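Participant: Spelled out, the chains give:
There are 2 protein chains.
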Amino acid sequence: NVLSVFACGTGLWNMYGRYTQELGVYAKEEAARLRESGQRRSVSRTLDLLEYDKGRCAKCRICTVRCQKFLISRVGEDWIFLILLGLLMALVSWVMDFCIAICLQAQKWMYGGLDSNVFLQYLAWVTYPVVLITFSAGFTQILAPQAVGSGIPEMKTILRGVVLKEYLTFKTFVAKVIGLTCALGSGMPLGKEGPFVHIASLCAALLSKFMSLFGGIYENESRNIEMLAAACAVGVGCCFAAPIGGVLFSIEVTSTFFAVRNYWRGFFAATFSAFIFRVLAVWNRDEETITALFKTSFRLDFPFDLQELPAFAVIGIANGFGGALFVYLNRLIVQFMRKQKAINRFLMKKRLLYPALVTLLISTLTFPPGFGQFMAGKLTQKESLVTLLDNRTWAKQGIAEEFDYIGHSEAWKHPQVNVFVTLVLFIVMKFWMSALATTIPVPCGAFMPVFVIGAAFGRLVGESMAAWFPDGIHTDGTIYPIVPGGYAVVGAAALSGAVTHTVSTAVIVFELTGQISHILPVMIAVILANAVAQSLQPSLYDSIIRIKKLPYLPELGWGHHEKYNIRVEDIMVRDVRYITLNCSYRDLHNVLLTGHLKTLALVESTESMILLGSIERAQLQALLSLQLGRPRRLAYIRERAVEDKKRLSVVSNDSSENSSHRASQEVRFQVRGHSGQRCKKCFQPFKAHYFQSHRKKCLQNVTAEFCMSSKITEWEEKQLDEQVNFNNCKIDPAPFQLVERTSLHKTHTIFSLLGLDHAFVTSIGRLIGVVSLKELRKAIEGSVTVKGAKVRPPLASFRDSGTSSSENEATELHKLWDRHKSMPLPREHTPSESDEKSQ
Amino acid sequence: NVLSVFACGTGLWNMYGRYTQELGVYAKEEAARLRESGQRRSVSRTLDLLEYDKGRCAKCRICTVRCQKFLISRVGEDWIFLILLGLLMALVSWVMDFCIAICLQAQKWMYGGLDSNVFLQYLAWVTYPVVLITFSAGFTQILAPQAVGSGIPEMKTILRGVVLKEYLTFKTFVAKVIGLTCALGSGMPLGKEGPFVHIASLCAALLSKFMSLFGGIYENESRNIEMLAAACAVGVGCCFAAPIGGVLFSIEVTSTFFAVRNYWRGFFAATFSAFIFRVLAVWNRDEETITALFKTSFRLDFPFDLQELPAFAVIGIANGFGGALFVYLNRLIVQFMRKQKAINRFLMKKRLLYPALVTLLISTLTFPPGFGQFMAGKLTQKESLVTLLDNRTWAKQGIAEEFDYIGHSEAWKHPQVNVFVTLVLFIVMKFWMSALATTIPVPCGAFMPVFVIGAAFGRLVGESMAAWFPDGIHTDGTIYPIVPGGYAVVGAAALSGAVTHTVSTAVIVFELTGQISHILPVMIAVILANAVAQSLQPSLYDSIIRIKKLPYLPELGWGHHEKYNIRVEDIMVRDVRYITLNCSYRDLHNVLLTGHLKTLALVESTESMILLGSIERAQLQALLSLQLGRPRRLAYIRERAVEDKKRLSVVSNDSSENSSHRASQEVRFQVRGHSGQRCKKCFQPFKAHYFQSHRKKCLQNVTAEFCMSSKITEWEEKQLDEQVNFNNCKIDPAPFQLVERTSLHKTHTIFSLLGLDHAFVTSIGRLIGVVSLKELRKAIEGSVTVKGAKVRPPLASFRDSGTSSSENEATELHKLWDRHKSMPLPREHTPSESDEKSQ
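Going down the list, the sequences are from chains A and B. For the working numbering, count along the first sequence from 1 and bump the result up by 118. For the working numbering, count along the second sequence from 1 and bump the result up by 118.
Treat the hints as calculated values from the structure; they're not laboratory data. Check before you lean on any hint, since a few could be wrong.
Once the Cα atoms are required to be at most 20 Å apart in a straight line, the calculated SDA-like pairs of lysine to any residue come out as [said to hold, decoys possible]:
1) B:K500 to B:F485
2) B:K413 to A:Y598
3) B:K413 to A:R417
4) B:K413 to A:F416
5) B:K413 to B:E501
6) B:K413 to A:D419
7) A:K413 to B:D419
8) B:K836 to B:L710
9) B:K848 to A:R884
10) A:K413 to B:D423
11) A:K413 to B:S415
12) A:K413 to B:L418
13) A:K667 to A:P559
14) B:K413 to A:L418
15) A:K413 to B:F420
16) B:K413 to A:S415
17) A:K666 to A:L450
18) B:K468 to B:Q458
No experiment lies behind these values; they were computed from the predicted model shown.
Whole structure, please, built from the sequences with the hints as guidance.
Facilitator: And the structure:
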């Protein structure tokens, strides 16, 4: 029973990632420690040497060395890292805003300069964004396709513990920054906030690498994850100058479980970043002092009446439906584009055609002298938001009020058309435009467009209320007219909260506007919007995660009683690939050919099934290649050759043939060695299916080659029949185990807490099954297999709560599994395989 | 190797509590499920029956039954629970505020009515609070001593997974509510926020019990913890009408790891609660509409100048030191009172003397015609806060300004004394008064007093700035005078943040004042204050946790590199109490006598040491008592009696003696059975040491009794030598295991994530040690054992970072442990025992 293993304990709990990385991290850590201690030793040795040298200069040098030591140790501090990150991101954000403003000004200038000819004006209005978007799409495509989209879904996956390596490189950083600047400079309804989360994370990853050149402690995996979590907060914080909202939003959007100790990091970095971002604006003479980005000035003494609350609630509920519709529309467009194979093939060939066409359509519709005049088309996103949050009332009794529409507000006023019609048109057009624009393959977010639409909807309700109650609702005493700007604030928070499934948009709204007087209406609307939207659709980010097929774990809703009734034994896969302690290399080979899990269970014997530990696939492959690999082959051939020589020393005419045979074999071995190296590709985290088949091919090649030389084959057969020697193999002696009656709720909690990827199910130490993210996901999403195509949203609590149908489903699931159990299926692998195909 | 166990899998991961409870929960869950399904069956049966009955009435009744079914299912929903909780807490908060206001008014009325005679006035001023505080202390002491203090430390411990059962009972609720009302009504510098967290949790626990009468799903342990987390948010939310700040504050104060899905619950309940709380004020005609509790009206266009930021930073740093000093002072007073044995003995006899004396001292000093006139003594806490946040400037060029001090502001103006002197006196006096008052054994918090002191300090700095720059700092163009009220806001947030070690006080401040314009100064000051305070002292709540010796796990600081270098093998206890599969009852008995862990490891054999599972102490005790218990004894005696009768049927004169002997033995057994029942006390979670000795005594009694009858002893000896039969014993087949090289950082994360209490350390399946919270705590707090009495604060990153001393400490610790390892100590238990004594 005693098993000699290489003690590699650090990787036991794959807290934030898989075992493979942990090992790497451990090795790196050790190396860093050695390096560091070496450094220290050399420093102290220098000191010792200097102590003997009693000149004046020596003291100075001691001092210098001490300072150097002090600085190096300081560099390792988190807060220096966070300050640098905040500073860097503030600069990036400010410079980007500056460039975007210049781009937008350029468009306005061109459009304004050509006012003699409408056609030329149109051409200028349309060409400019088309060129910018096409450039952005092309640039991103060429440099780093990973930079496309908002990046929040990817960050969520990375913080979940999955490694998407290409997503945190310098190339991606450059592509994202430049692509985003161009995309936003085009004036399309796109946002900056999602990409900024990604950019901040990129910044953190790069900065971390850079600082590890000095310190040596920036190598720890879990520390990096903590830094990434802080970076997400910085991203939102410096984008909106909203430190608190940024921290909360990033937590809500990226985490399932949150360590409160990271909270403080996030606050620190985000505050510093927001501070620098706004100070830059003051230094640039844009602002007189540090204020909010979209400062409002509603009255403080009586922000709203109690009787206006139903209107706010209506905004919340309507925006909940609107948010769900937006997510649905966005997904529909993507799926439509994918399904239409003819279009798809054409577009894939001309990759830049789709962005150009979409941009052309949208910019044509917003052309101010054309249809744009009915939807305030000439305003940029920022300008429309500023006007929507204005604290004056635009309409009274349905007629546009006769105050002077200063500045941009005049865009909303049309001589023939009522301001209500303009608002409705704005909302409807911008709604589908935003949903469409966010599918363009450029770096872009959807938060800001949604925010503006929500503000417009709020404004619409507010203006209607103001028209309905021109003297306000308050009955006794003073007249407090209704403030439609307050409604706009509520609407903006509600719609963006509904789309992203977050409550912290409320805080972002307060920080953006610099006023918190509408706190209760905003909170009520956001919560109602969330309740409605969560019951209808997943959040935008989860929707993208599903579209992109990133590995994820759905959330458990509230009030799902059945989660406590389903047990792990109901959902686990009973057909586990395992290896026994006394297995032969042939068994190993067979297991590697059939299985697809990244780690394999090691059991005592097939009879006892006592789980001893788990071994990584790579380790086993290494074992196999060690047994059948080149050195041993060469040794064998050399041995045989010596034997042959001894035997055939008389028959000398055969020797040349033999040597040529040997040479040809060596060549083949080299080729094989090469293909063996290529097999490392097999362990990349993604496109597992593709690589699966690739790997199979590789191994088939190997087996095919086996047949070429019968003697070699014979040798190989002999080698394969030998018992495996696990002596130098890294075994995880305590893989994650659950017992068979653990509830689904608890399993989910453990998986998301520890960032697990799979867990073995044991009964009194005996392995009886395995649960991976996939099974868990299926079980949580309910009855995908039972009821066919119906995909249940993760938080569909409002839809099916109260009825006992869900519980019936659960029992049906039970029955199904029980049937599975009783049925003498040879291997239950079929469903999962078909699932793999469908993915 | 096959081991038949009672499958009790749910308890495998003691997620939020100990294994014992989980089992209870599992049983309850099962019962609830059965009950529920029974209910449903009966309902459906009724429906079936009714379907046959074809009258009109039947339809109605079907409808009624359906409605009933629907309602019952709805009651199970979380959101109904949260709404009820919010409503209840808002009512409690409002009613309490109302009573407190009446109490304070009564004092003012008495004081005002007696203005003819200063002595009578003094008597009235002093007697009133003394009576109230004494009543509060006495009432709490008699009804539920658990209600004393803020309750946040206890809630933190409960949410950590430890069960403090008496803390969530109806008695405690009543004691806390009434005690708190009286304490706050006395006008002492006490707060309402901490106790409100406790009250909300009490409310949630009671409501949960109440609703389980209908639903049946309110029994799940982890669900209850989730609800308690939401309740904490409600507590803060409805105390300050600050939903967002409430949620964040409760997270920061009570959690280490936070599930984002609870976040939403907290927001929902806290918002609803805050809404109702403020609506009640509107209905009571206190307010015209829903506004902030301490509404400010600073100018919006230019809240502060960039050049004022250093002053804000100074406030932050100074308040950081102040916060640390407050915590230190508070602890010092408590420890002083405990150490002075003479005083202590006297005070323990007259328990109400201490509160009365403290109240007398404080109220004497604040007597308005006396010393109180120099420190605005006649203002209540609320009034002083309102005046401090006033947006007018009190002083110009050092001379009190000549505007009319309306309302309460005049209290700050003294004909002879400068306003600065008044402010300084106020700060100094209130500082020690608050630190002293919070040690009174009544339900009280420290947040509000600290908040007021912070505001006063901010005001002081603000007034100084206003006197220094009478025309404001801004150089070009418009004159923007300095707003000292803004400084007060910053100071309040910074000091309360420093004392509680939270950042979310910033959010609370915005919600309390209804203005967010000072967001960046507030954030900067809060973060600086936190940085300073965390490096000097633990938070007030952690300090109380240590004083009260509640089980806790300190936080890991940031930038502690050594945490990655210490491994579990360095800190684990190598001398593990275990039982083997083939052990005798005697071994069991011995193990139970010596060990103190709540669960014991079950290994295959002493040679192999392969960990098979863990068994609770209670289970083992049950096994032992089953083997030596009354039924088997009686059976044995009866058997022997039959034998005796057979043998001694001739010698009939002996029979009477024999029967009397039997009777006396039966009596003794009953006594023993009784004492056995009393032994259940041994399993209470606290005062383990005391009960340890108690248990020893019990068992010694048992052993003493053994000697009384030699035959019984012989029988018992025989019984003890038998091999243990684990057939009906509940064995946890997968207790939490770590491998020996897991880093301290990772261990800490796992312990706090999963709420563990201990974990076994294994090496290739073989048990080599055990780590419990205690070892972990010692290792994190650094060198308590190595360096003697020095207790290091948990986040002392600023103090010792940069120097390599901490790393030296780590290596010293390493060495120490290595020495321990190499030294042939018979049992390494001595350090932990001595530690137990010192506690």
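Participant: Decide, hint by hint, whether the structure agrees.
Facilitator: Outcome of the hint check:
{"no.": "1", "hint": "B:K500 to B:F485", "result": "holds (17 Å)"}
{"no.": "2", "hint": "B:K413 to A:Y598", "result": "holds (18 Å)"}
{"no.": "3", "hint": "B:K413 to A:R417", "result": "holds (12 Å)"}
{"no.": "4", "hint": "B:K413 to A:F416", "result": "holds (14 Å)"}
{"no.": "5", "hint": "B:K413 to B:E501", "result": "holds (13 Å)"}
{"no.": "6", "hint": "B:K413 to A:D419", "result": "holds (9 Å)"}
{"no.": "7", "hint": "A:K413 to B:D419", "result": "holds (9 Å)"}
{"no.": "8", "hint": "B:K836 to B:L710", "result": "holds (19 Å)"}
{"no.": "9", "hint": "B:K848 to A:R884", "result": "holds (17 Å)"}
{"no.": "10", "hint": "A:K413 to B:D423", "result": "holds (16 Å)"}
{"no.": "11", "hint": "A:K413 to B:S415", "result": "holds (16 Å)"}
{"no.": "12", "hint": "A:K413 to B:L418", "result": "holds (9 Å)"}
{"no.": "13", "hint": "A:K667 to A:P559", "result": "holds (17 Å)"}
{"no.": "14", "hint": "B:K413 to A:L418", "result": "holds (9 Å)"}
{"no.": "15", "hint": "A:K413 to B:F420", "result": "holds (11 Å)"}
{"no.": "16", "hint": "B:K413 to A:S415", "result": "holds (16 Å)"}
{"no.": "17", "hint": "A:K666 to A:L450", "result": "holds (14 Å)"}
{"no.": "18", "hint": "B:K468 to B:Q458", "result": "holds (15 Å)"}
The structure fails none of the hints (numbered hints given earlier).
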